[in-house]
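Combine both chains into one complex, guided by the hints.
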Amino acid sequence: MALLQVVNVSKSFGGLAAVSEVSFTVDEGEVLGLIGPNGAGKTTLFNLITSMFPPTGGRIFFRGEKIEGLKPHSITRMGISRTFQNIRLFAQMTARENVMVGRHARSRAGIWGGVLRTGSQRAEEARIREKTGELLALMGLAGHEEFPAGKLPYGHQRRLEIARALAAEPGLLLLDEPAAGMNESETREIHQLILSIRGLGVTVLLIEHDMSLVMKVCDRLVVLNFGEKIAEGTPEEIRGNPEVVEAYLGREEDDGDA
Amino acid sequence: MSFDWLNPYHLQVASFILINVLLGVSIYVTLATGQLSLGNAGFMSIGAYTSAILTTRHGIPMPAGVLLGALLAGASGVLVGIPALRLRGVYLAIATLGFGEVVRVVFINWETLTGGAVGIAAIPQMGREILAALGKTGFSPQTLGLRNNQFISLTVFLILLAATLLSILFFLRLSSSRVGRAFSAIRMDETAAEAAGIDTTYFKVLAFSQGALLSGFAGALFAHTTSYISPADFTYHRAVEILVFAVFGGSEHLLGPVFGAMFLTLIPELLRFISEYRYIIYGILLVLMMIFRPQGVIDPPLLGRLTGRKAAEGA
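These protein sequences, in sequence, are chains A and B. In this text, residue positions in the first sequence follow the numbering used here: the first is 559, and each later residue adds one. In this text, residue positions in the second sequence follow the numbering used here: the first is 30, and each later residue adds one.
If we strip away everything but chain B, and leave its shape as in the complex, we get (with noise of 0.2 angstroms):
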């Protein structure tokens, strides 16, 4: 049996997709109550840098590593979040926009830390460490046909793969129970919402942090596909990024981003041969989407018909 057709570059390709998925899912968690937070990158930096630190000074096991990661960052949601709550709308996105970009320059300039702008190197990857593990038992890639490159590049996309439908999975079956119907029920009239008898601040501060956690996690995860992070992965570009996942996707419905993240992830690759000009591609897209679906690709309506059904949301 020969696996040759599966290239080390193209599941690399895929992995990057899963890891922005993630990150789409992240900025929708929190948009799910009407926050719009571009503090994302921030959140994943924090997740990144956790792990990345915990495994290569302080022998912590990778899965630890990530776990404590993602928990971190989840905390500093609830940090960052309780003050966000006397901020609403765009005022909100410039001061998380903010909380990331002094993150950014905490870790530029903690060098004993984090190691400056030169970030850190040698950070242990998902599939070399469980290809050394394996192969501590006598395993060899070779007996299933594959070379040492292509297992761990696949054993990597099969982590990502798992830990991003384990999440699109939490958050929709979240976003049909009663946690779900307060969180839309927030973003639709906050005042109604209390009246209902929904604790405003506690679910939004949830959200916020939720959306935090994943962040950090898929930045966690981000560390041991790279095996190398700096500043410069999370500068404020990634958080526009990941902003522009949900505007194309559409933000109304969690597959919304996960679309647009899968999409606008796969184009600049598909487009490589035109090489200088894919940006201006990318571009008029979001132009176009502006001009004739402001509301993204995916919306409600669209899901119901093209799953038969007459409320695609909640039910």
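One chain only, chain A, in its complex shape (with noise of 0.2 angstroms):
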């Protein structure tokens, strides 16, 4: 069964369409690929899963469950996480504690909890720390612990996102560009953390406009463009179709990556 199925989803910001008519599904444990132009509506869809803001139009499943209209800490909950375009850490906070955030929706202690130290309180505790430990381990980030997030190097923020993410333990992870702004071999680390992800079996969506990164990581791939998915499949079928080379190149040819 497809774990998440987005069905004629539409969103328009006053009269312009973001997003049209665009349904595509995410299987189980693949990675996927959401390709197009800048302002294609890659991000606005991201937005739209998330539940960041609701659809004009259409309907989203996840896990068979529609969840288009629900709080966007209730997506997370069902096992939907994100990272941000643009890096959303929680700067003055430490590495470490980034990714204790990213817990909570997976732990319940409360306000008595939290005051009395009761004993399940320091038990789970301890388990967040833990997960949190595995997880920087997971991300390369052993070591920065105990390092303001906003003061780690760029591509460490990255990560660090990426782990906070992982720890509300997702069934289905959104990136949103997580190898803007990076090098060549940074651009490699992202590739194996993507594999080390769905090893973990973590379905991946993917938003990037890195195509040798695309082609190399990606089971299928979804085209849009102006808001209208033009097409889909694997990164071959994608590579020979003439709509998807005008899109990005126009009509002359060239060898421009994005």
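If you're looking for bench data, these hints aren't it; they were derived computationally from the structure. Predicted, not measured: the structure shown is a model, and the values here were computed from it. It is possible that some hints are incorrect.
[Claimed, not checked] DMTMM-like cross-link-like pairs, simulated, lysine to aspartate or glutamate; straight-line CA separation at most 20 angstroms:
| hint | chain 1 | residue 1 | chain 2 | residue 2 |
| --- | --- | --- | --- | --- |
| 1 | A | K629 | B | D218 |
| 2 | A | K709 | B | D228 |
| 3 | A | K629 | B | E219 |
| 4 | A | K709 | B | D218 |
| 5 | A | K629 | B | D228 |
| 6 | A | K774 | A | E588 |
| 7 | A | K624 | A | D585 |
As structure tokens, this is what we get:
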């Protein structure tokens, strides 16, 4: 069964249709790339899936349940986590605290647990710390635990944001341009990280402009242009699709990536 | 044994310092989620009037009056906190300041309940009540080497000290728990906090009503310390005074407003000998703070250096 089903989803801002009648599905265990030129509606689609704002029309199902109209925090609790195109970390918190916050949806201690430090609260804090340590290590951030997040190098911040998203134990992870602004070796690291995330059994929906990364890491691609889906298929099919080539490059031949 | 050095006046100043510390913590609790509420003078008056009316008119025992006063203030905090979700920054500050004024005007005009502008007198005083209760068992402060007025002031001081320390401990522990992390996350980036699975609506209203509850608690204790309250005790001057505790002491850590409240309550008393000029010095101090240490005296890096740890907050 499809993990995520997006059915005829539309979103307009004022009179401008940012996304119109887009449908696709994400299958369990795959890495699906969402590509398209700037302004094609990719991030808008992420915001619709995570319910940052409601769709103008259409429906979204996660594990068969309707999720449009829910609050974003409920979506996270159901198993969809995300990162942001322009990194949104809790800058004055340490790297460790950022990931611990990410664990919020999978922990439950309330006011009295926190104040009285009950046995179950302390056991839960210990589990949060353990899980946090594992994720920071997985993302290559061991040794940076006590660093203020806002002062980490850019590449580390990207990976910390992914660690925070994974802390909620998502079934589906939405990555919004994880390799943006990165050099070649950092991009290779991101490639490896996406593969290890998939190894954890997490399905990935990826927005990315770096075509060499997208072609290597994705099982399938969905291509958007001006808010509409213009193509869908394996990287090989998309590479040869004349409509996609035109959307990216216009009619002239060029070897640009994005 | 003699306790002649135990001056009731000094104890009273110390008691007012402790009440102000509670108020300083109350503004911090709400500010921890990035919400600047100037309504705490209003919530304080709700706590004070509730307990004063219940104990003077309805014969409710004082501890129950204080508890009900705090709870009613906390409940009003929920009612104000929900519409406050729509407001941010200076707009929230203005709206909550307006709320405090509305409460005060209601207390002035609802004369049958509140005594109007004259206020409520002869509110049971904590120290005197305890002395009277102990007197029935045959106890006399003289056996401890204390005069009656010394015993009364000392009792009030000790009760307030216990209440203040417990409140500080409560919120310090809360701030280094899952709930406290959610509060900080909301203050730093509300969208990212929501995406991290935090129910921002719930935690913002929770923080708002916790601040209101603590203000009401401080207000009820205030009523039973002075034994007289009137609307003049809860004007916007009080609201601004509470804000200044956080601005001066620092608003990034709980201990900031605690320090601010202690220092700024003590300074005018210490400077009494230069009478009229003391508020000039108070003002100069505030201006110097704005220039040289805008984040307030206490901030996490300073606490880190003091305790010799790298990260003072959370951990």
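Evaluation of the provided hints:
1. A:K629 x B:D218: The given pair, whose Cα atoms are some 16 angstroms apart, holds under the 20 angstroms limit.
2. A:K709 x B:D228: violated (27 angstroms)
3. A:K629 x B:E219: holds (13 angstroms)
4. A:K709 x B:D218: Holds, because 16 angstroms separates the two Cα atoms, which is no more than 20 angstroms.
5. A:K629 x B:D228: holds (8 angstroms)
6. A:K774 x A:E588: Cα-Cα ~13 angstroms, so holds.
7. A:K624 x A:D585: The hint holds at about 16 angstroms.
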